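Residue numbers (the numbering used here), protein chains in the order written: chain A, 2 to 425; chain B, 516 to 808.
If you are wondering where the hints come from, they were derived from the structure by calculation, not from laboratory data.
Quick caveat, the model's predicted, so the values are computed rather than measured.
Beta carbons: idealized from backbone N, C-alpha and C, even for Gly.
Take the hints with a grain of salt, since some may be wrong.
Facing chain B, according to a computed beta carbon distance under 10 Å, are these residues of chain A, among others [as the list claims (entries may be wrong)]: (1) Val107; (2) Gln111; (3) Lys235.
Dumping the calculated BS3-like pairs for lysine-lysine here, alpha-carbon to alpha-carbon at most 30 Å [what the hints assert, rightly or not]: (4) B:Lys648 to A:Lys415; (5) A:Lys245 to A:Lys274; (6) A:Lys72 to A:Lys313; (7) B:Lys648 to A:Lys274; (8) B:Lys648 to A:Lys295.
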Amino acid sequence: MRPHRSHRAHRVPFIGLGVAAVALAAGCSSGTPSSGGGGGSSGGGSKPPLVIGASLSLTGDFSADGQAYQKGYEFWAAQVNQRGGILGRKVQLKILNDNSSTTQVVTNYQTLISSDHVALTFGPFSSLLTAPAAAVAHRYGYAFVEGAGGAASVFSQQLNNVFDVSLPVANELDPFIAWIKSLPAAQRPATAAFPMANDPFATPQVQRTQGQLQPLGVRAAYSRVFPEEVADYKAPADDVAASKAQAVVLGSTDVPTVSAFMTAFEQQHYNPKIFVAAAGPDQGSAFTSAVGAKNANGMMVPDAWYPGSTNKLSQTMVQAYVARYGGSASNINADIAEAYSVGEVVDQAVTHLGAVDNAKLISYLHSGATLQSVQGPVRFNPLGENLVATAYIFQWQNGSFVQVLPANDPGSVKILYPKPDWAG
Amino acid sequence: MAHQIYPAIADGILDGGVYALMAVGLTLIFGVLDIINVAQGILVVIGGYLSYVLSAHLHIDLFLGLAITIPAMFVLGLVIHTLVIRPLRGAERTSMSLLACFAVAIIAEGTLYWIFGSNVVTLSASYVRASIKVAGFYISDIYLYCFALALVAVTAIYLLLYRTRFGRAVRATMQDRTAARLVGIDVDRVAALTFGIGVAVTAAGGMAYGATSGGFTPNSGYDLISRLLAIIILGGLGSIGGALIAAIFMITVESLVDIWSPNWAVVVFYAALVIVLTVRPAGLFGRREVRAQ
Chain A
2 MRPHRSHRAH RVPFIGLGVA AVALAAGCSS GTPSSGGGGG SSGGGSKPPL
52 VIGASLSLTG DFSADGQAYQ KGYEFWAAQV NQRGGILGRK VQLKILNDNS
102 STTQVVTNYQ TLISSDHVAL TFGPFSSLLT APAAAVAHRY GYAFVEGAGG
152 AASVFSQQLN NVFDVSLPVA NELDPFIAWI KSLPAAQRPA TAAFPMANDP
202 FATPQVQRTQ GQLQPLGVRA AYSRVFPEEV ADYKAPADDV AASKAQAVVL
252 GSTDVPTVSA FMTAFEQQHY NPKIFVAAAG PDQGSAFTSA VGAKNANGMM
302 VPDAWYPGST NKLSQTMVQA YVARYGGSAS NINADIAEAY SVGEVVDQAV
352 THLGAVDNAK LISYLHSGAT LQSVQGPVRF NPLGENLVAT AYIFQWQNGS
402 FVQVLPANDP GSVKILYPKP DWAG
Chain B
516 MAHQIYPAIA DGILDGGVYA LMAVGLTLIF GVLDIINVAQ GILVVIGGYL
566 SYVLSAHLHI DLFLGLAITI PAMFVLGLVI HTLVIRPLRG AERTSMSLLA
616 CFAVAIIAEG TLYWIFGSNV VTLSASYVRA SIKVAGFYIS DIYLYCFALA
666 LVAVTAIYLL LYRTRFGRAV RATMQDRTAA RLVGIDVDRV AALTFGIGVA
716 VTAAGGMAYG ATSGGFTPNS GYDLISRLLA IIILGGLGSI GGALIAAIFM
766 ITVESLVDIW SPNWAVVVFY AALVIVLTVR PAGLFGRREV RAQ
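This is chain B alone, in the form it adopts within the complex:
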C-alpha cells in the first residue's frame, strides 16, 4: 500500500499548488471587495484559452506566455470591475454581485463558444508529459513547475500586500472601507486594482489547469468553481496563504482517499471542509486573523 500512499501524497501536494493558483485570485477579491466572484471558474478557462492561443498559434512557451496573459487578464479584470462590479451600490451590493458575476460567467462562456467552438482544447509542451523518478515513483514535470509557480505567485502577492504602499491601502480597505476612505485612500481605485490583480493571477491558474487537465472547453469552469469556493472557505476568506495551504490539504486528502474509493474521495473533500469549519468557523486562516495581521 505504501507504494500508492507516497505518490498519492506527492500528487496531492503538487496538484494542490495548481488549485491554489486558481483560488488565490478568488480569495483576494473577496478580501477587498466582499464579493464572491463566481465567474472565477470561467476566468480560469479564459486564462487557459489565452495560453492555448499563444502556444498553439504563436508557439510561445506556456510559462513565457504568462508575460502576456497576466497583463491581458489584468486588463480584463479592470474592465469587468468597471462595467459590472463598480456600479453595484447599496445594501444589496453583495447579493447582487453574485448575480452580476454569474452573468459575467454566462457571457464569457458564450463568447468562448463563439470564438473557439465546443471542441476540447489542450495545452501541450515537452514537459507536460515528462516525469522524473523520485524515491521509486514518478513525479510529473508540469506539476513540479506549476507548484513552483504557485509558490512564486503567493509570495509575490504577499509581498505586494505587506511590503508596498499599495498593499497597506489594500489591507486598510480590507479592514474598514469607510475608515480607509476617511484617511484619504481612494477605495474605488484600490478595489479596481485588486480585482484586476485577482483576475490577472488567474491567468497562471488557467495555464496550470489547461496543462494538467485532460483538456478543457468553454464549459469547464463549472467543474472548478465549487472546489475553488471550498478551498478559499477552508483557507479563510481573504487569506492568500490560507488558500495555498487549504488547497494542498484538501487535494492531498482527496488523493489519499482516492486509493480506496474515487467516489468517496469527492465526498471527503467536502467533508473535510465541514469538519474544519466546525472547529474553526472562520477557516484555517480566517478573515479576523488576516485582518489583524
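This is chain A alone, in the form it adopts within the complex:
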C-alpha cells in the first residue's frame, strides 16, 4: 500500500564527513543498473525496443516504496510486452537507483536522457524527488509522467511536461471533510488536533482539512508542524494527547509515525473519537503488525486505490498480478497500482499518437483527453494534475481494511464512529 509519496529532507548525519565519504556513498548506493520489463527485457521482432528510463529509490529512506514502484513498472512492461509491446516495439526499462537522494535523482535523469538516450521517462517516487527530476526532463523536452509527485511543490514549478496520474495530495482528505460536513452539528467533533510532518505530502492535506473544518465550528486544539527526520515522535504525540482533542488528523508519511502516535496516546489513556492519518494505516499487515490488529480498529486513511476496487482495469490487473507473482490481492501495494497507471497512460497516449515523440506526447496529454488507468480516469489540467481522480477513505474494522467514504459510493460500508478504545 502507499506509505507516502514524499521524502524525508536529507540524510543529514554525514554532512561533516567530507567529500570522500559522500563519494563513497554515491558509489556504493546509486546508479544500480536495472533492466526491467519483466519478461520483456529485450527487443522483439525487427523493431528496436522502446527504452523507457526511470530513477527509483531502491535504497535509502524510500526503498520500500521505490522497490514497489519498480515492481509496478516492471509488471506493466511485462503485461504490455505480452500484448506485443507499444507500436510493435517491446518495452525495455532502464531503472537507476537514486538512493532516495534529491541530488542523485537529478544525475540519474541526466544520465538516462543525455547518455542512455532513452525514448521516454517515467517519474521517481515522492514529490521531493519528482520536482528536481521533472526540471531535468523539462530541460531536454521530455514528457514526465509520474504517479507519486502529487504535492503542490511539484506543480508550482509550472513545468508543462509534468503529468501526475494520481490524486493531487491536497485533495486526499476531501471525502473525510465532506463526511464531517454531512454530520449534524451535535455529532461533529467540537475540537480537533492537526499534527503534521514537515513534508510536501503530509502538510497540504492536513492544512486543507483544518481550513475546511474550522468554519464548521471544529476548533483546532492543536496545530503544529513537526520535523519528519527525527527518531521518535513521543513529544508531539504527548502534546496532542494533552490537548484532549476529539478528533486527530495526523499528517503522517509512514507506519512508524502513526505507530508512535498511537502508542503515546494509549500510554496517555487518550482515545480520540476520530483518528485519520495521511499515510501508514494503508500498509496492510505492516501496519497491523506494528500497532496490533485490535488497536487498528477505527483507524482511517485516505487513498486513491485498493485491491478490491471495482474498476475493471484494476480487477484485470489484480488477477494478472496474482497469477504472475502468487499471493493474494490484499498483498498488492497501492504503489504498484500507481506505477502501473503511469505505464497505462503513456501506452494509451503513444498508441493514439502512433509515434514516440515527446513534444507530441506533452501536447496530447494537455489536450484534455481522458485516459483510463487502474486508478480510474485520468485527465490533466494545465499544471499536469489529474482532475478526475477519485479520493476514498478507508478504515480498519475488526481486522478488515474497508472503504467507508464517500458515504454514497456503492463500495463504501458504514463508518465506525466513534473510534473504539485502544485494545491494549
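Starting from the known structure of chain A, arrange chain B on it as the hints suggest.
Just chain B now, with coordinates in the frame of chain A:
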C-alpha cells in the same frame, strides 16, 4: 501550561536515558580508539533487529533477550574491529576510520535489507504500551525500565573502567597509547575489547530504541547518528557519565521546546550544543578532565 511542562520534563529525562544507552558505546570507542564510529546508528538498529528476532520468533522477553544480544553484539564488535578498524594505520588512521565505519554502515544496512526486507519492524511487550499515573500525568513503563537500564549500563561501564585491572589498561590507553604500550599493556587487545564492549552496549540501546520508537527499518540508523554524535560531543568525547547527562539535558530541552514548536525543538537541540561548547569547548565532561580522573 504546567500540565504540559512537568510531563515534558519527565519525558525528556526518561527519553534521555534511551539516548544515553545508544550513545555510551560511541563515546567509549572514541575515548580509547580515537575514532568516531559513524556506524553506531546502524549498530543500534542491528541491536533492535536482534531483539526483534528473539522476541517475535522465540518469544523471549525484550530485557531477558539482552543476555543473548549483548554477547552477540560484542562478538560483532570484535569482528568489525579485526576486519575493518585494526588494519588502519598511520597518520591518516582517524580520517580513514570515518570512511571505514561508513562502509560498515552501508554494508550492514544492505545486509539487513537482504535479511529482513524494508517493512517496518516493532518491538512489542505488555509494558511497551502500559503506563503509570504519577502526580496527575502518565509515565510509560517502557521508558522507566529503559532509564533504569541506562543507569545500570553506565554504572557497569564505570565500574569496569575504574574498578578493574582491564579498566586501568583502558584508561592508560586513553591517556597515551605509546606510554601504555611501553609499560606492557597490549594496546591492540585493549582496543579490540573496548570496541567490542562499545558495540555490545549498543544491543541495549537497540532494544530500547526499538521498543520506544514507532518502529524501525534498516534505514533508521541515519536518523539517529547525528543526535548521538551531538550528545557525545556535548557530554565530552570519551566521557561515559557525560553522555548520560548530555542526553538527558538535550532531550529535556527539546521536549520542553516541543510544547511551543516541534520544528524549533530540533533547532534548539543543536543550538544548545553550540552554546555549551562556546562556554566549555571540551563539552560538559571533556576529554582532558576525563583523562585526568
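Hints versus structure:
no. : hint                 : verdict
1   : Val107               : violated, 20 Å
2   : Gln111               : violated, 24 Å
3   : Lys235               : holds, 6 Å
4   : B:Lys648 to A:Lys415 : violated, 37 Å
5   : A:Lys245 to A:Lys274 : holds, 10 Å
6   : A:Lys72 to A:Lys313  : holds, 21 Å
7   : B:Lys648 to A:Lys274 : holds, 23 Å
8   : B:Lys648 to A:Lys295 : holds, 24 Å
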